[in-house]
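Construct all of the structure, not just a fragment, from the sequences and the given hints.
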Amino acid sequence: MMKKSLLGALALGLATSTSAFAQTELQWWHAMTGANNDVVNRLAEEFNNSQKDYKVVVSYKGQYADTLNAGIAAFRAGNAPHILQVFEVGTATMMGAKGAIKPVHEMMKEAGEKFDPQSYLPAISGYYSTAKGEMLSFPFNSSSMVMWINKDELKKAGIAEIPKTWPQVFEAGKKLKAAGHETCGFSNAWAPWANIEQFSAWHNIPMATKANGLDGFDTEMKFNSPAHVKHLQNLVDLQKDKTYDYSGRDSRSEGRFTSGECAIFLTSSGFYGNVKANAKFDWANAPMPYYPDIQGAPQNSIIGGASLWVMGGKKADEYKGVAKFFAFLSDTDRQARLHQESGYLPITKAAYEKTKASGFYEKNPALQTALIELTNKEPTENSRGLRFGNMVQIRDVVSEEIEAALAGQKPAKDALDSAVNRSNQILRQFERTVR
Amino acid sequence: MEKRAHFSGWTLPLLLIVPQMAITIIFFYWPASQAIWQSFLREDAFGLSSEFVGFENYVHLFEQPEYYRAMVTTAIFSSLVAFFSLACSLLLATQADKNLRGGQAYKTLLIWPYAVAPAIAGVLWIFMFHPTLGTLSKPIKAIGIDWNPMLNGNHAMTLLVLSATWKQISYNFLFFLAGLQAIPKSVIEAAAIDGAGPLRRFWTVIFPLLSPTTFFLLVVNIVYVFFDTFGIIDAVTGGGPAGTTTTLVYKVYADGRLGGDLGGSAAQSVILMIIVIALTAIQFRYVERKVQY
Chain A
1 MMKKSLLGAL ALGLATSTSA FAQTELQWWH AMTGANNDVV NRLAEEFNNS
51 QKDYKVVVSY KGQYADTLNA GIAAFRAGNA PHILQVFEVG TATMMGAKGA
101 IKPVHEMMKE AGEKFDPQSY LPAISGYYST AKGEMLSFPF NSSSMVMWIN
151 KDELKKAGIA EIPKTWPQVF EAGKKLKAAG HETCGFSNAW APWANIEQFS
201 AWHNIPMATK ANGLDGFDTE MKFNSPAHVK HLQNLVDLQK DKTYDYSGRD
251 SRSEGRFTSG ECAIFLTSSG FYGNVKANAK FDWANAPMPY YPDIQGAPQN
301 SIIGGASLWV MGGKKADEYK GVAKFFAFLS DTDRQARLHQ ESGYLPITKA
351 AYEKTKASGF YEKNPALQTA LIELTNKEPT ENSRGLRFGN MVQIRDVVSE
401 EIEAALAGQK PAKDALDSAV NRSNQILRQF ERTVR
Chain B
1 MEKRAHFSGW TLPLLLIVPQ MAITIIFFYW PASQAIWQSF LREDAFGLSS
51 EFVGFENYVH LFEQPEYYRA MVTTAIFSSL VAFFSLACSL LLATQADKNL
101 RGGQAYKTLL IWPYAVAPAI AGVLWIFMFH PTLGTLSKPI KAIGIDWNPM
151 LNGNHAMTLL VLSATWKQIS YNFLFFLAGL QAIPKSVIEA AAIDGAGPLR
201 RFWTVIFPLL SPTTFFLLVV NIVYVFFDTF GIIDAVTGGG PAGTTTTLVY
251 KVYADGRLGG DLGGSAAQSV ILMIIVIALT AIQFRYVERK VQY
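Residue numbers (the working numbering), protein chains in the order written: chain A, 1 to 435; chain B, 1 to 293.
What the hints contain is simulated information worked out from the structure, not anything from laboratory work.
Incorrect hints may have been included.
[What the hints assert, rightly or not] Subject to a maximum C-alpha distance of 30 Å in a straight line, what follows is the list of computed DSBU-like cross-link-like pairs (lysine-lysine):
hint, chain 1, residue 1, chain 2, residue 2
1, A, Lys240, B, Lys138
2, B, Lys290, A, Lys242
3, A, Lys280, B, Lys138
4, A, Lys210, A, Lys151
5, A, Lys242, B, Lys138
6, A, Lys155, A, Lys240
7, A, Lys377, A, Lys363
8, A, Lys377, A, Lys132
For clarity, every value in this text was computed on a predicted model and none was experimentally measured.
In structure tokens form, the structure reads like this:
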């Protein structure tokens, strides 16, 4: 109770102070730390200096899940920020909350701000758009999954070329193991993201019906297909002698690559800064491997990262400010610079073209790999993106079942069947709450 | 002599108990009743829509095999942690109770872990036992154990029990030490004169006299493992691998906060509340009979 009235008083204080300065404050809650936090602060500062009517105020709210929960709690208390950074798996949750959000395309139109959905990279904006192509949230930091390579170790193991397909990776893993990498031939972080989500898109296989949920919340999981089972079974077989070694559900074990333990490691392209700073060997990254016997592979990868959601129930003038800020973020020069400095993917086509034309990628090929993957082919309904309610929970369920298979508790097929069944239950629960 | 205060009216006594009542109502009854109410609702995370669904959340819960597994996990985890933390701290306390040189420093050091936040304790243990980076996992591997808490559920559980126990030892130690010091030296000396050896003195004199402390700690420790170990679990295993370390309280968090299923999560906390109330009641009803005050 006391907290509420205190917040009320604070809000009142804020309201009066803004009117005194005749400047509208726009709250931006985010989850960025370290160098990425500096990027957020600098963007806000640049925007605030570029005009006088609006002031973007940034607050760090903890990790992605914490930030989302802080946003939800604030909304329930009537104090939602204007802009909330939400990770990609929270997309369906935000979308389902119709009264709580303001779709970006609608806001841009009402504010009369220049906005062309076509100018954004479809592989990125598609993830945050409706089936009709209406952009719901504004892509901010995007990455994709790539394969990181320790070139020194590959050379030592007698592997001449960076493997392109899964069978080649398995072979390379065996050679690496024979060459002394006894605990890890190859591995990956983000188990469900790598082995189910990206795997499905990259091989153009549906992860679920209804275009992976983009066409409706009545989607049903399908990731127990023969191809999925085969891939997991391969990993299970290789786990036995640690040619493949499991590295967990999140990015905590990424250090296995930079420490030199795992010479082939699949994880986010956002790992770039860390590798650059910590890897004391000759490294590179390459597109994710694929199975050549699966038709159409490789297709295109999907993104990870986060987008900016505009919360509902704010004043028209405030939305004008947010629209201005998004237009500011979309500026080609700014996007190109942001991409080159931070390693985030550029969100507009123009920024990508500009960076390409400047010859930047010749010197920094590692920053282009994710973009090559994302734009490899025109996205299909299997590779446009994912939209599952309660996806955080679904990822946990999928991780649990993958772990059970890798630990030898059940066959790959049973594990994926069970993961599909349990995920479907979660999807049905979610469907009922948004109806 | 009767210890009874006499008040002339109702005003003062009422005023005096108001703070206590307010705290109990605001911090216990109110949230508890909210949880009960919420467990009958199906609600989206934003609270935009809510629907009364009766006992559906409960029915759904008892249909999940994972929920029963979480119960078993909790039972194993809590008995292991309660047993080891009580046993270790009792051992430490009896040793610290002797006249040792630098005993004070020794006692102080033993109390330190209690000041460490659960999440930090968890992270410390991860660093020591991480399958590849951990300093202690190398010797474990050297003796031929394929240590891998990231895939092996038993290893993960061992790690959790270790860290949760370590965290609780200081607290128990403190109480045991106080309990030991309250035992009159004359009783022990009398036993010694009668020819009882140290072990016999411990089991026939000290341990029974310590039983009120042990009982109190048992209750507190059970409550501790049920609720407070959540931070350690979140930091060390995140409920994995394959759900082998998901306890009831961790599942409440995972389903409610991470999953956004508030109704189901509320139903779980209501059940958890009932379990803990029942456990405490049983302890007071049956175990307390054996306690000698």
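So which hints don't hold here, by number, going up?
-> 2 and 4
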